[in-house]
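Undergrad: Assemble the whole structure, with the sequences as input and the hints as a guide.
Line by line, the protein sequences are chains A and B.
Number 252 in this note's numbering belongs to position 55 of the first sequence; there are no gaps in the numbering.
Number 84 in this note's numbering belongs to position 77 of the second sequence; there are no gaps in the numbering.
Bear in mind the hints are in silico, worked out from the structure with no lab data behind them.
For each residue, glycine too, the CB sits at the ideal point set by N, CA and C.
A few of these clues could be false.
Sample of chain B residues facing chain A (criterion: CB under 10 angstroms; computed from the structure) [to be verified]:
| id | residue |
| --- | --- |
| 1 | S49 |
| 2 | M52 |
| 3 | Y57 |
| 4 | F75 |
| 5 | G92 |
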Amino acid sequence: DVKVTQSSRYLVKRTGEKVFLECVQDMDHENMFWYRQDPGLGLRLIYFSYDVKMKEKGDIPEGYSVSREKKERFSLILESASTNQTSMYLCASSSRRFPLYGYTFGSGTRLTVV
Amino acid sequence: AQKITQTQPGMFVQEKEAVTLDCTYDTSDQSYGLFWYKQPSSGEMIFLIYQGSYDEQNATEGRYSLNFQKARKSANLVISASQLGDSAMYFCAMSPPGGSYIPTFGRGTSLIVHP
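TA: Right, dumping it as structure tokens:
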């Protein structure tokens, strides 16, 4: 019954590495989102996409990029990982047709950059 | 602009007792949705309950109910008969404002259930 799948639950990467976080949804949702979550700071939006190949910056896009080549897949890319990108990353999706019905989240990826 | 306020950073409750988690909101939209999510220590965000602004009755889902007071702009989550597994972060959220794609989230309330 999994609807939004994030490729890894835990990830450890080295400083300077290029990191890919993958998110796939099977609900035919138009909108997809990447958040990071840090203690005391709540959810902060990194990027979102409202259609294939479309992307919009969120509140904290610096150091990140995204790719949405297919409707069901939204990738977050850390071009050169740094220790301050150690965080929990959450992917979510929503339907444009039913905007009142909120998000479905993935199970999250805890990324540690060493 | 929309805003969600959760004033309780942390709450404690005894097992089997009821607890209310506060949420107030601000929006200029007439039609909107309010949500609560649970985030256990494992990290996943679990949808709990939804209330539409035009729903006349308060939403209920099992042990969860949403005390919706539209005039006061509050949408408090009530958990009845707390269980140890209810210990988690709880987030209140609102559907995107008109013309936007992005819901608004509160900062969350940490609930600890004591045996």
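Undergrad: Now tell me, hint by hint, if it's right for this structure.
TA: Hints versus structure:
Interface hint status for S49 (chain B): upheld, as the beta-carbon distance to the closest one in chain A is roughly 8 angstroms, under 10 angstroms. With a least beta-carbon distance of about 4 angstroms to chain A, the hint placing M52 (chain B) at the interface is held under the 10 angstroms criterion. At a threshold of 10 angstroms, the smallest CB-CB gap from Y57 (chain B) to chain A is about 7 angstroms, leaving the interface hint in force. With 10 angstroms as the threshold, the beta carbon of F75 (chain B) stays out of range of chain A, its nearest partner Cβ sitting at about 14 angstroms, so the hint is violated.
The restraint placing G92 (chain B) at the interface with chain A is violated, with a minimum CB-CB distance near 17 angstroms, outside the 10 angstroms limit.
The structure is inconsistent with the numbered hints 4 and 5, although it conforms to all the rest.
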